[in-house]
Amino acid sequence: EADIYQTPRYLVIGTGKKITLECSQTMGHDKMYWYQQDPGMELHLIHYSYGVNSTEKGDLSSESTVSRIRTEHFPLTLESARPSHTSQYLCASGRGNQPQHFGDGTRLSIL
Amino acid sequence: KQEVTQIPAALSVPEGENLVLNCSFTDSAIYNLQWFRQDPGKGLTSLLLIQSSQREQTSGRLNASLDKSSGRSTLYIAASQPGDSATYLCARGTGANNLFFGTGTRLTVIP
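Chains as they are written, first to last, in this note's numbering: chain A, 314 to 424; chain B, 153 to 263.
Do not take every clue at face value.
Claimed, not checked - So the derived list for chain A, only partly shown, Cβ under 10 angstroms to chain B, looks like this:
1) GLN319
2) TYR361
3) ARG395
4) HIS414
5) ASP417
Think of the hints as simulated: they come from the structure by calculation, not from any bench. All C-beta atoms, glycine included, are put in the ideal place defined by N, C-alpha and C.
From just these sequences and the hints, can you work out the full model?
Now the structure itself:
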């Protein structure tokens, strides 16, 4: 059963649109993460947060932005989508150094 | 660069066989090593986490080992079943619980 939810699961949208990918968790985890995964490639961390009002960039540069206004919510925004943003985006949460819990991902296609 | 490599990229075995998946990492200052399973169209499910002070962890038919000196970890799956078919990812964890992933091994267990 999923305790971390991502919406939408799939999104096909035109270039230039503003997009927000939603991620919510019900476990009260302090840490949340966004990963980007291209087909056949490894996951790369693009953003993370250690708590409310905390956001940091990951090891892969991304044009997206994130916010953490509430513990349970960690949305990712692309102000102007481009075809290069086509990828799968996975959200995760965790507490301390315990294993991270992952959502099912959003598969994004920019036309 | 904190590189994580997994071989083989794909593996097919008949049901009932024991198998070993390999993971190597370049940074010896490892905090933990984690193994995940990813099913098509889904997020990741944590399988085993080995702290840097440990040499192995076991869960059911799964056993993961860690050799920091050689920069290697293995995931041993005993008596494989068709339900084990998935992509298996290893990840090197930092003290901040940020993860650096390999590209995975896609396992197919043939009934």
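We went through each hint and held it up to the structure:
A least Cβ separation of about 8 angstroms between A/GLN319 and chain B falls short of the 10 angstroms threshold, and the interface hint therefore holds. Interface restraint check: A/TYR361 against chain B, minimum CB-CB distance 7 angstroms, threshold 10 angstroms, status holds. Look at A/ARG395: its Cβ only gets to about 24 angstroms from chain B, farther than 10 angstroms, so that hint breaks. This hint holds: A/HIS414 has a C-beta 8 angstroms from the nearest C-beta of chain B, less than the 10 angstroms allowed.
A hinted interface residue such as A/ASP417 counts as satisfied when its beta carbon comes closer than 10 angstroms to some beta carbon of chain B; here the least separation is about 5 angstroms, so the hint holds.
In terms of the numbered hints stated before, the structure departs from hint 3 and from no other.
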